[in-house]
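*Asks:* Those protein sequences? They're chains A and B, same order as listed.
Under my numbering, the first residue of the first sequence is numbered 1, with each subsequent residue one higher.
Under my numbering, the first residue of the second sequence is numbered 1001, with each subsequent residue one higher.
These are computed hints drawn from the structure, not numbers from a lab.
Just so you know, these numbers come straight off a predicted model, no measurement behind them.
Be aware that one or more of the hints could be misleading.
Quick list of in silico lysine-lysine cross-link-like pairs, PhoX-like style, CA-CA up to 20 angstroms [what the hints assert, rightly or not]:
#, chain 1, residue 1, chain 2, residue 2
1, A, Lys151, B, Lys1066
2, A, Lys129, A, Lys90
3, A, Lys224, A, Lys48
4, A, Lys181, A, Lys151
5, B, Lys1197, B, Lys1031
6, A, Lys165, B, Lys1182
Covered by chain A, per the in silico footprint, the following chain B stretches (three or more residues, Cβ under 8 angstroms) [stated by the list, open to error]:
#, region
7, 1058-1072
8, 1177-1191
9, 1209-1220
Idealized CB from N, CA, C, for every residue including glycine.
Listed below, chain by chain, are the residues.
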Amino acid sequence: MLAIKLAFKNLLGAGLRTWLNVTVLSFAFVLMIFYNGMIDGWNRQSRKDTQAWETGEGQFWQPEYDRYDPYTIQDSHGAMSEEIQSEIAKKNLVPVLIAQATAYPQGRMQGVTLKGIDPDQTILKLPTKALSKTNDSDYAMIGKRMATSLKMDVGDRLLIRWRDKNGTFDAREIEIISVFKCDVPSVDKGQIFLRLEVLQEMMGMENEATLLVAGENFKHRDFKNWVFRDQDFLLADMDKIIQAKKAGGTIIQALLLIIALIAIFDTQVLSIFRRQKEIGTYIALGLTRSQLVGIFTVEGGAHSILAALLGAVYGIPLFLWINKVGISMNYTQGMDIDLPIGEAIYPYYSLQLITISIILVVISATIVSYLPARKISKMKPTDALRGKLQ
Amino acid sequence: MKFLITTTLLLCTITDSFAQDAKTILDKVDKNMFSITKIIESDMVIYGRRNTRTVTSKGYSEGTDKSFTEYLAPEREKGTKMLKLEDRLWIYSPSTDRTIQLSGHMLRQSVMGSDLSYEDMMEDRKLTEMYDAKVIGEEVIDGRNTWILELTAIVDDAAYHGRKIWIDTQRYIPLQEELFAKSGQLLKKTVLTDVVKIEGRWYPRKVNYKDMLKDGKGTDFIIKDIQFDAKIPEYIFSKAALKQ
Chain A
1 MLAIKLAFKN
11 LLGAGLRTWL
21 NVTVLSFAFV
31 LMIFYNGMID
41 GWNRQSRKDT
51 QAWETGEGQF
61 WQPEYDRYDP
71 YTIQDSHGAM
81 SEEIQSEIAK
91 KNLVPVLIAQ
101 ATAYPQGRMQ
111 GVTLKGIDPD
121 QTILKLPTKA
131 LSKTNDSDYA
141 MIGKRMATSL
151 KMDVGDRLLI
161 RWRDKNGTFD
171 AREIEIISVF
181 KCDVPSVDKG
191 QIFLRLEVLQ
201 EMMGMENEAT
211 LLVAGENFKH
221 RDFKNWVFRD
231 QDFLLADMDK
241 IIQAKKAGGT
251 IIQALLLIIA
261 LIAIFDTQVL
271 SIFRRQKEIG
281 TYIALGLTRS
291 QLVGIFTVEG
301 GAHSILAALL
311 GAVYGIPLFL
321 WINKVGISMN
331 YTQGMDIDLP
341 IGEAIYPYYS
351 LQLITISIIL
361 VVISATIVSY
371 LPARKISKMK
381 PTDALRGKLQ
Chain B
1001 MKFLITTTLL
1011 LCTITDSFAQ
1021 DAKTILDKVD
1031 KNMFSITKII
1041 ESDMVIYGRR
1051 NTRTVTSKGY
1061 SEGTDKSFTE
1071 YLAPEREKGT
1081 KMLKLEDRLW
1091 IYSPSTDRTI
1101 QLSGHMLRQS
1111 VMGSDLSYED
1121 MMEDRKLTEM
1131 YDAKVIGEEV
1141 IDGRNTWILE
1151 LTAIVDDAAY
1161 HGRKIWIDTQ
1171 RYIPLQEELF
1181 AKSGQLLKKT
1191 VLTDVVKIEG
1201 RWYPRKVNYK
1211 DMLKDGKGTD
1221 FIIKDIQFDA
1231 KIPEYIFSKA
1241 ALKQ
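Isolated chain B, as found in the complex (with noise of 0.2 angstroms):
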């Protein structure tokens, strides 16, 4: 769920003049899969170099700023909570009966042993005020036409140097994402699967995400039930909630 936020942010706008065909595309995005509010049921499919495992959650969220997790499955992990306002991120552990606040090195720790990082999960800025975009190219991925954006950092504390995203030409959602490096060293690569049409917006239901610099098939996001626009309590998004 942590990751659509991610990829929601794909869908700002981008103001320059010269790239106004990536604008255009973006914004068609944006208006295709942005909602005010979330809830999603998902399971993160984690697949280690013995066993995979399954870790299943519900989410809420409400723009880029606010998200509340709560872990179902398994037991191991269930009952566990983050809440995320704006740039601070807290975890409840059940077993310990205790909130943390995560900062720092622990942010750049993996989040269930997923190839997702904490910190990865805290990027809320739009990109419209981080990149220059322009369309350098158009490919077919999985049988549909794909024009390719390519994102540059115009500011100097962008996550990400780089940024390449295939944007489905008749859908307008993305397909794949590739982060990179200032080096250019492919970072991260995200594929977004099987597209579907939910309340009447097409949405990908899988996403696999993956640390490119790391051995492994990566982790996938698979959504179970989504809801857009529901209304979300004002209290999930408060540090009380993570106890309850």
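Only chain A is shown next, with the shape it has when bound in the complex (with noise of 0.2 angstroms):
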């Protein structure tokens, strides 16, 4: 307790030079808990939007599926039996037919693939309902990116030409009805959407799809000749990602940190070395060796407190309007990103990653302040008293 109140009486005695420290300190702190949180509230939005647009609870693929082989496409469909039916019947699943395609948009050659989708789904956020529509023409709905990458909008006609499940080519003119916004690159890119029926027509391949994606009513139960991908394995490479760019980030912080670090451990030998009179004087009132180096650790340790306290201060505040406005990320709407990204990230700050912050930033700086104070130990208390160099 002596420790303590003694490290605190000095560390404010000593004015500008702890002010300065602390406040290097707390830029670190503050940078460590709003990096983290940015990285953490962009995860939980990609998982959020993915999960919202894509992968709903999980997923049945046809066995020969990945998603990263397009080889593979064209032997993935399979027929769906009476209990996927029923399930479907009842909206706990939405079945998707996916097929590879070439598309003429002025004139030009490019790939693309064909999603068949039921336009009454509920499990997806995407909005199906805008190929009901029912006409002598077939209906296709696009995203933005896509839009933008086949330079077209909505009431524009495009020429796709397909091969069907035979392999026989086959052409016609679509006509896109709906352009919709969308986060996840991944339902965007490269891809049109038409009604499942349709597809099916072109492809020949009636009542048959490619996946099927799980609602959040849906029971699990296994179904002949699908395999369920669940959510750990469909959103595992954003996690890799998004952890991998956690990692990028500790550099800066730990840079920062260091700079705070090297800071403090400067005031200490500095400490040390022009308050020799005082330490012999402590040790002549009969204080031990190690309870002065304890008294000069917490001295050096309570800079993480205060640097803790000022962060709260000014980081509190700046969190909550960062929080509310969010960080605008419209910059990178024209960017060819795969990564789901949103108008704008709101950070998240958990508990747990404001405690692990204080934890670390606490031990950091008592530890540089223990290393300095080491030296007490070594000191003749004559020569301290004396303020003889040693």
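From these two lone chains plus the hints, build me the complex, please.
*Replies:* This is the structure in structure tokens:
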């Protein structure tokens, strides 16, 4: 208790020097929480968006299907049993048929993926209602990225060519009936959505699908000839990328923290050098060397407590404000990024994140304070009292 | 060269008794153009939006199942080789010193940026097995009288549901061909010109191949030299030849 009292008294007595150290350390502290909070917020948003737009509560895949291997698409289609049909009717599953095709926008040639989906589905956030319109035309829905890439808009007609299940070429014009905005690029890029029956008829694959997306109310069970892929599997790659980004950010945080810790270390060395008479007096008054090392270590470590408090003073209002307005990511909208990024990222500061950050800063500050303080144990009290250099 | 193999497929016999005229015509075309082996040196002229590229190659073929092509120019493509054995296609790239087998999505890619896709080169089934043919009329093309033959698929797995072929009534060579989708949409058009007599047979030295859904002038194949029934060593049609 004495050590803590003395430590804070000395610290506050040191004035500007202490506050400079504390300010730098508080920057490191706030930045650490902010950066990790931003990545966690992005991760949560991405997972939520991907789940809402693409993966649902898991998917059943045709055994041959591999989303990263276009070679598998041709053979990845299978009939939907009565049991599956009944789940589809109850809106617990939504079937998606996938096929490859070539689009010819403005006389250019572009490889595309056709996705057939039920317009009445409610499991995914995709605005498929637009596809319910039936007329002489075949209507299609595309995302904003795809619309930009094709240079097309609502009402435009697009010629597509594909090969049916037997390998026979077919071609027809489709009309773009809707352009949707979606933060998940894998739902948008290179994809054209059609009514499921339309694509089934085009491909000659009646009652067939490539994958089935499960909804919240689906009670999990297995279906013959379909392989279940859970959330962890479907989001694994995204998690890895986000973790890698987090790891990249720790370098900046570590640099800032090191600068702050070097300042504390420097202060400690200077303080022990300049306060030799004080140290000698303490020993003369009966304090043991380890008690003295403790006082100086706590004094150095207390920088981190003050830094946490100072960080909280300006950090909490700053974080609350950022959480309200979000970090604008509009500049990424035109970029070719494969990760889901919304218009704004709202950081997420978990209790775990804050606790870990505090512990990390306090421990590091205490260690760098202890290292120079060890010198005290080697001091001769008489020389220390005289202020003699040792 | 590859395209000419496809063109040669037009020369197959139609067995339907209803289409005797078409059969006779195609038989004669077959006799005129078919050879067991061919060695062709050709230029492929690819007309792009901004520029035109010429790719020179030497091709060896045996029937419709086996073919081997080596690209000789430009420098960028020099040394690239392609081997087709029945329904399999390999490409060797000297820059990576690797051979890859093309399948699925990659077969839909264009060959060297031309209007011809790899899967167009994979067609090797006889038209007689896949189509019902009949003569539907006559037309004059570039001053030559032609018969128009209409081919309709009789099997489910024909790449093109319909074809139309214009055949020179005197020289018995195809002068034009159109390929149609199931919906009736015209997909590709081939125009054969510069017909000359080579080794006693009429042969088109220039073939323009055009993807009708795409803008542009298509791709020209210009034959610089052709040898019919030349002896081709068997090792040419092996994967080992790709790396040599």
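*Asks:* Each of the hints needs a verdict: does it hold here or not?
*Replies:* Comparing the hints with the structure gives:
Between A:Lys151 and B:Lys1066 the alpha-carbon distance is near 42 angstroms, which puts this suggested pair outside the 20 angstroms criterion. For the hint pairing A:Lys129 with A:Lys90, the CA-to-CA distance comes to about 17 angstroms; that is within 20 angstroms, so the pair holds. With a CA separation close to 29 angstroms, the supplied pair A:Lys224 and A:Lys48 exceeds the 20 angstroms bound. For the hint pairing A:Lys181 with A:Lys151, the CA-to-CA distance comes to about 15 angstroms; that is within 20 angstroms, so the pair holds.
Proximity of B:Lys1197 to B:Lys1031 is assessed by CA-CA distance (about 14 angstroms); at most 20 angstroms being required, the pair is judged to hold. Restraint check: the Cα-Cα separation between A:Lys165 and B:Lys1182 comes to about 13 angstroms, which is no more than 20 angstroms; the hinted pair holds. Judged by the Cβ-Cβ criterion of 8 angstroms, the region 1058-1072 of chain B is not covered by chain A as claimed, because only 0 of its residues qualify and three are needed. Coverage of the region 1177-1191 of chain B by chain A holds. Counting CB-CB distances below 8 angstroms, 6 residues qualify, and the rule asks for three or more.
Residues of the region 1209-1220 of chain B lying with their CB closer than 8 angstroms to a CB of chain A number 5, which satisfies the three-residue condition for coverage.
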